[in-house]
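Visitor: Listed below are the residues making up each chain.
Number of protein chains: 2
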Amino acid sequence: MTPVITGFECSPDRGRGLARDMRIRWAFEEVGQPYAVRLLSFAEMKQPAHLARHPFGQIPTYEEDDLVLFESGAIILHIAERHAGLLPDTATARARAIGWMFAALNTVEPPILDLQVAMVLESDKPWHGDRLPAVKARIRDRLQQLSDRLGDADWIDGGFSAADLMMVSVLLRLKSSGLVNDYPNLAAYVARGEARPAYRRAFDAQLAVFEAASAGG
Amino acid sequence: MTPVITGFECSPDRGRGLARDMRIRWAFEEVGQPYAVRLLSFAEMKQPAHLARHPFGQIPTYEEDDLVLFESGAIILHIAERHAGLLPDTATARARAIGWMFAALNTVEPPILDLQVAMVLESDKPWHGDRLPAVKARIRDRLQQLSDRLGDADWIDGGFSAADLMMVSVLLRLKSSGLVNDYPNLAAYVARGEARPAYRRAFDAQLAVFEAASAGG
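These protein sequence lines map, in sequence, to chains A and B.
Numbering follows numbering that gives the first Met the number 0, in which position 13 of the first sequence is assigned residue number 12; successive positions increment by one, without gaps.
Numbering follows numbering that gives the first Met the number 0, in which position 26 of the second sequence is assigned residue number 25; successive positions increment by one, without gaps.
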């Protein structure tokens with residue numbers, strides 16, 4: 000069967016490609032796997048039918064035959080293991096690429112999520128302005144270390160892989176903050192990801208969903 | 000060769016088993032794989048020799064023959080793929096277990112890290128007391144969802160796997176907060192993990208390192 004993923008019926012990012020279904024769409028496009036999308040309202044995401052797929056009531060999920068998966072990292076790893084094009088061939092390079100996927104999600108993304116919490120949930124709090132510099136400083140520490148490692152390479156460890164797909168996706172969440180622009184090699188890295196035809200197709204597909212929802216609303 | 004991991008010469012958690020080398024030690028003990036540990040000072044962790052292993056200057060790392068890995072999730076997945084005992088046999092159950100590893104690291108741990116930042120880095124800030132309830136509420140949301148999914152099962156999805164090793168390790172970081180105690184099935188789940196002989200051996204090994212460092216200092 001064609002894999003089915005879930006996405007926001009009306010994405011809170013207004014079609015900017017920051018919702019996590021974008022990562023999965025991008026992976027499918029890189030390997031040439033057609034997919035279907037089940038769109039969910041916020042209310043539907045908290046209903047039993049979806050909680051059975053995703054215990055934390057989020058998107059994306061992945062369904063194929065009798066397999067139901069959640070977590071974008073696990074879904075992309077699953078796709079990458081079943082199709083050529085997203086993981087290196089040798090065992091050591093493959094293990095390292097998976098290591099970078101975890102690094103994107105567990106070392107680089109958490110301070111970025113902290114900034115998102117600050118901007119979305121705490122922007123009206125009296126401490127918001129005083130706390131923000133430390134939140135951004137923790138992100139800059141990570142960006143500097145990532146920039147040092149990337150150097151003048153095109154991709155993080157050899158050729159393009161799921162590691163880059165995940166890292167670029169995480170860095171894109173910083174776009175509105177402008178923080179990545181202080182690291183020219185990282186800004187170029189993100190731009191290289193965005194310029195990939197598979198990224199563009201995935202981006203256009205999620206944008207079309209948002210535009211249809213907006214027109215309908 | 001025997002795999003070599005890195006750990007703190009003198010762990011900031013004072014041997015409570017919360018540093019991330021503990022997860023790797025536990026995985027090695029579960030599968031019966033001997034390992035060696037290279038202990039590092041905080042200064043050594045930021046030196047080029049270690050940054051070559053770990054671009055973010057943290058522990059743990061993993062070295063075996065020509066493979067160098069970082070990120071506890073990637074290291075445990077690597078160990079689980081090469082030894083019996085940490086991943087289910089069928090492809091779908093295996094994919095789901097890996098999904099739960101990502102969930103532990105990318106959905107459950109980030110709000111817990113936020114609490115850690117609040118307690119360690121921001122406890123002297125004027126907003127600390129006002130902000131703490133919201134930080135804890137975000138953790139409770141996750142714990143409730145996890146508790147709902149676990150129900151009265153012993154482990155998160157079938158038999159014990161790397162998913163439980165990772166989830167219990169993440170939940171243990173909440174021990175001093177007492178938050179897990181409000182969810183009796185989660186508290187019992189964590190206790191079941193801690194009671195495993197492999198966990199005990201790993202815990203004792205990391206504690207011995209801390210005690211030796213304390214005695215030496």
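Treat the hints as calculated values from the structure; they're not laboratory data.
These figures come from a predicted structure and were not determined experimentally.
A portion of the hints provided could be inaccurate.
Same chains, same names: a pair is fine if it fits in one copy or spans any two.
What the hints assert, rightly or not - Once the Cα atoms are required to be at most 20 Å apart in a straight line, the calculated DMTMM-like pairs of lysine to aspartate or glutamate come out as:
1. K45 x D129
2. K45 x D153
3. K45 x D140
4. K124 x E193
5. K135 x E8
6. K124 x E80
7. K174 x D203
8. K45 x D147
9. K135 x D88
10. K135 x E121
11. K135 x E43
12. K135 x D123
13. K135 x E210
14. K135 x D181
15. K135 x D147
16. K45 x E121
17. K45 x E62
18. K174 x D64
19. K135 x D65
20. K174 x E193
Visitor: Determine for every hint whether it applies to the structure shown.
Guide: Checked hints:
1. Taking the closest pair of Cα atoms, K45 and D129 never come within 20 Å of each other, the shortest separation being 34 Å inside a single copy and 29 Å across copies.
2. For a Cα distance limit of 20 Å, the shortest separation of K45 from D153 qualifies neither inside one copy, at 40 Å, nor across copies, at 25 Å.
3. Only between protomers do K45 and D140 lie at most 20 Å apart by alpha-carbon distance; the minimum there is 12 Å, versus 36 Å within a single protomer.
4. Taking the shortest Cα distances, K124 and E193 never come within 20 Å of each other, neither inside one copy (34 Å) nor across copies (39 Å).
5. When the C-alpha separation of K135 and E8 is checked against a cutoff of 20 Å, the pair qualifies neither within a copy, at 31 Å, nor between copies, at 30 Å.
6. Neither within a single protomer nor between protomers do K124 and E80 lie at most 20 Å apart by alpha-carbon distance, with minima of 45 Å and 46 Å respectively.
7. Within a single copy, K174 and D203 get their C-alpha atoms as close as 18 Å, which meets the 20 Å cut-off; across copies the closest is 45 Å, which misses it.
8. Taking the shortest alpha-carbon separations for K45 and D147, only the inter-copy value of 13 Å comes in at or below 20 Å, while the best intra-copy value is 41 Å.
9. In this assembly of identical chains, K135 and D88 lie within 20 Å of each other by CA distance neither inside one copy nor across copies; the values are 37 Å within and 43 Å between.
10. In this assembly of identical chains, the alpha carbons of K135 and E121 lie at most 20 Å apart whether taken from the same copy (15 Å) or from different copies (14 Å).
11. With identical chains, the CA atoms of K135 and E43 are never at most 20 Å apart, being 34 Å at best within one copy and 26 Å at best between copies.
12. Proximity of K135 and D123 under a CA criterion of 20 Å is satisfied in both settings, with 18 Å inside one chain copy and 19 Å between copies.
13. For the identical chains of this complex, K135 and E210 are neighbours neither inside a copy (32 Å) nor across copies (36 Å), given an alpha-carbon limit of 20 Å.
14. Only within a single protomer do K135 and D181 lie at most 20 Å apart by alpha-carbon distance; the minimum there is 12 Å, versus 33 Å between protomers.
15. When the C-alpha separation of K135 and D147 is checked against a cutoff of 20 Å, the pair qualifies only within one copy, where the shortest distance is 18 Å, while the shortest distance between copies is 35 Å.
16. Proximity of K45 to E121 under the C-alpha cut-off of 20 Å is found in neither arrangement, the shortest distances being 23 Å within a copy and 33 Å between copies.
17. Taking CA atoms no more than 20 Å apart as the test, K45 paired with E62 passes inside one copy only; the shortest distance there is 18 Å, against 43 Å between copies.
18. Taking identical chains as interchangeable, the C-alpha atoms of K174 and D64 are never at most 20 Å apart, the minima being 37 Å within one chain and 39 Å between chains.
19. In this assembly of identical chains, the alpha carbons of K135 and D65 never lie at most 20 Å apart, being 43 Å within a copy and 36 Å across copies at closest.
20. Taking the shortest Cα distances, K174 and E193 sit within 20 Å of each other inside one copy (12 Å), while across copies they are farther apart (42 Å).
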